[in-house]
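Enquirer: So you can see what is in the structure, the chains are spelled out below.
There are 2 protein chains.
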Amino acid sequence: MKLVLCVPNFSEGRSQDIINAIRAEIEKVPNTKVIYCKADSDHNRLDLAFVAPIKEAKEAAFRATRKAAGLIDMDKHKGEHPRMGATDVIPFVPMGNTTMEECVEAARGLGKRIGEELKIPVYLYEEAATRPDRKNLADVRRGEYEGLKEEVGKNPDRKPDFGPEKLGKAGATAVGARMPLIAFNVNLGTSDLTVAKKIARAVRHSSGGLRYVKAMGFELKERGIVQVSMNLTNYKKTPIFRVFELVRREAKRYGIPVIGSEIVGVVPMDALVSCADFYLQLEKFKKDQILENKLWGEKNEGS
Amino acid sequence: MKLVLCVPNFSEGRSQDIINAIRAEIEKVPNTKVIYCKADSDHNRLDLAFVAPIKEAKEAAFRATRKAAGLIDMDKHKGEHPRMGATDVIPFVPMGNTTMEECVEAARGLGKRIGEELKIPVYLYEEAATRPDRKNLADVRRGEYEGLKEEVGKNPDRKPDFGPEKLGKAGATAVGARMPLIAFNVNLGTSDLTVAKKIARAVRHSSGGLRYVKAMGFELKERGIVQVSMNLTNYKKTPIFRVFELVRREAKRYGIPVIGSEIVGVVPMDALVSCADFYLQLEKFKKDQILENKLWGEKNEGS
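Chains W and F, in that order, give the protein sequences.
If you read the first sequence in my numbering, its first letter stands for residue 1, the second for the next number, and so on.
If you read the second sequence in my numbering, its first letter stands for residue 304, the second for the next number, and so on.
Next up, chain W with everything else stripped away, as it sits in the complex (with noise of 0.2 angstroms):
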């Protein structure tokens, strides 16, 4: 069974009743897990996790896109986060051994549909964008759904990858595939927040670091010491264990001790299973070999 986990994102976070509207179309296609559901009422915006196959991972999102279209009114619509629809981005995230092209595929499918079905000016982003001007969400985003409501049947460069080149009051939906992405804090034992802060470019890809890597220095002042703030895009390519031992090796050159670390919110099950792999320096270890995965892998597997 190909799983993906779905995030999509709405332009709602007061009205509870259309929360309950919008995850209820999620619940009603068969095999969909809702594992998340916050809104945020200062954002006016819901933030949604649902794990399913992929198959019914975009009909689920193609419902929430309808329901939510014909139940927010974007030219109503205020909230500090930036957004553009009332759909605003349904990202597609791979889970066990589901690819990243099985995701970009759903999005592209699921954006074709949207926009020929509901009139909804879609965007291809991420890995499922087909220009590399859309790879990141902000630019796609860029002028929120005012901005867009006015440039967009003008400007040949916001073209909509599908759907019509003129904005209702659903606005357009950005849908793209993209790695999960992991929020993992190393705590430094000092309160020297300048340590925090050279460490943070010297891991990060901006500023010559690794590739998968996005970092910041920050204090942590209650406990009076200093972290290095990260957020890791691509764990597959850019591991846990290797971010921290080049955190630790850095935080060495100034004397200082890493203390501890923190993951912040959820990680896939193999992001840490990785590390247990390298520690352990184990030789030929398979994920067959873990109990669980025998139970939740590929149905019908011999034995």
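Treat the hints with care, as some may be off.
Calculated pairs, DSS-like style, for lysine-lysine (alpha carbon to alpha carbon, straight line, at most 25 angstroms) [said to hold, decoys possible]:
#1 Lys589(F) <-> Lys221(W)
#2 Lys517(F) <-> Lys237(W)
#3 Lys294(W) <-> Lys597(F)
#4 Lys166(W) <-> Lys76(W)
#5 Lys589(F) <-> Lys33(W)
#6 Lys524(F) <-> Lys284(W)
#7 Lys438(F) <-> Lys33(W)
#8 Lys590(F) <-> Lys286(W)
#9 Lys2(W) <-> Lys28(W)
#10 Lys587(F) <-> Lys236(W)
#11 Lys590(F) <-> Lys33(W)
#12 Lys287(W) <-> Lys540(F)
#13 Lys78(W) <-> Lys67(W)
#14 Lys33(W) <-> Lys597(F)
#15 Lys336(F) <-> Lys38(W)
#16 Lys438(F) <-> Lys415(F)
#17 Lys287(W) <-> Lys305(F)
#18 Lys358(F) <-> Lys294(W)
#19 Lys2(W) <-> Lys336(F)
#20 Lys287(W) <-> Lys341(F)
#21 Lys38(W) <-> Lys590(F)
#22 Lys472(F) <-> Lys287(W)
#23 Lys284(W) <-> Lys358(F)
#24 Lys590(F) <-> Lys287(W)
#25 Lys524(F) <-> Lys236(W)
#26 Lys198(W) <-> Lys214(W)
#27 Lys55(W) <-> Lys294(W)
#28 Lys33(W) <-> Lys305(F)
#29 Lys341(F) <-> Lys294(W)
#30 Lys597(F) <-> Lys38(W)
#31 Lys358(F) <-> Lys287(W)
#32 Lys341(F) <-> Lys286(W)
#33 Lys286(W) <-> Lys438(F)
#34 Lys55(W) <-> Lys597(F)
#35 Lys2(W) <-> Lys540(F)
#36 Lys517(F) <-> Lys284(W)
#37 Lys236(W) <-> Lys597(F)
#38 Lys78(W) <-> Lys169(W)
#39 Lys284(W) <-> Lys539(F)
#40 Lys539(F) <-> Lys287(W)
Keep in mind that the hints were calculated from the coordinates and are not lab data.
Please build the complex by placing chain F on the supplied structure of chain W, with the hints as guidance.
Expert: Same frame as chain W, but now just chain F:
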């Protein structure tokens, strides 16, 4: 949902018809999943593993025992592996948030039912044992089928926990509860077997080492190296990383590097997660942060 792993062994490793019939009894019970089924013709023994919710696991094990009793005649059984019954052992192993206490309860409930309904003598062993001299399976099975048949009814020490004091053609069955066993080997960068033997003695319980470690030193002749070969009998109380670090430290005393390790067979996910937790020095990591656990954990969870 409280899951258990159940690993019954049957005294039949040659007749595919009998093997299939026993397996079918287990698979007939809803929500059971056979994850391993391997017959050894020299041992003349079937090693089977399945996962199920506790109630279904008891039912499936009962039906398999009944079927084996009807098909296997211990008076005619020959095989290298020690055995005392058609269904020789039935251990329950906790999974996920299932406790050892729940497995002990399952073992005792199943043992009672096998004794009463099938008239097969049942001995409770390991964590389910009611007497200290029955903790160890080898002690329970002493004399095997033939020896026990002679002794039972005469020697009060061999009175079964449930069922008659008399062995029929189905023999007797040991029913118990235990932690999963992890086969973990550490490879050393030397051909000197005495080093592996010394380290095995240092880390194993029997000679003063860690509580839940059995260890021996071996040569891997093809590779020209030696290995500390271990069984970890309770990875929650004696975790893999602690064993690994102790072996590494002892090897260092001889100037020998650890060049790799291996996990043979199946390992529970949380045994690996605890290694990631240790080496990454994670603060306050919770198992429900693992994406897969959100899917496969408790049903009806809130979000």
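Enquirer: Run the distance test for Lys287(W) versus Lys305(F): straight-line Cα separation, threshold 25 angstroms.
Expert: holds (23 angstroms)
Enquirer: For the pair we were handed, Lys438(F) and Lys33(W), check the Cα-Cα distance against 25 angstroms.
Expert: Violated: Lys438(F) and Lys33(W) sit about 43 angstroms apart, past 25 angstroms.
Enquirer: Measure nothing beyond the straight line between the CA atoms of Lys589(F) and Lys33(W); if it is 25 angstroms or shorter, mark the hint as holding.
Expert: holds (21 angstroms)
Enquirer: Below or equal to 25 angstroms on CA atoms is what counts here, so check Lys358(F) against Lys294(W).
Expert: Holds, at about 20 angstroms.
Enquirer: Taking only the CA atoms, is the gap from Lys358(F) to Lys287(W) under or equal to 25 angstroms?
Expert: violated (29 angstroms)
Enquirer: Assess, step by step, whether the Cα of Lys38(W) is no farther than 25 angstroms from the Cα of Lys590(F), and give holds or violated.
Expert: holds (20 angstroms)
Enquirer: Is the straight-line distance between the alpha-carbon of Lys341(F) and that of Lys286(W) 25 angstroms or less?
Expert: Within the cut-off at roughly 19 angstroms; holds.
Enquirer: Assess, step by step, whether the Cα of Lys236(W) is no farther than 25 angstroms from the Cα of Lys597(F), and give holds or violated.
Expert: The given pair, whose Cα atoms are some 21 angstroms apart, holds under the 25 angstroms limit.
Enquirer: Do the alpha carbons of Lys589(F) and Lys221(W) lie within 25 angstroms of each other, as the hint requires?
Expert: holds (24 angstroms)
Enquirer: Does Lys587(F) pair with Lys236(W) here, judged by a C-alpha cut-off of 25 angstroms?
Expert: holds (24 angstroms)
Enquirer: If you draw a straight line from the CA of Lys198(W) to the CA of Lys214(W), is it 25 angstroms or shorter?
Expert: OK: Lys198(W) and Lys214(W) at ~13 angstroms, within 25 angstroms.
Enquirer: Could you grab the alpha-carbon distance between Lys590(F) and Lys287(W) and see if it respects the 25 angstroms cut-off?
Expert: holds (18 angstroms)
Hints 2, 7, 15, 22, 23, 25, 31, 33, 35 from the earlier list are contradicted by this structure; the remaining hints agree with it.
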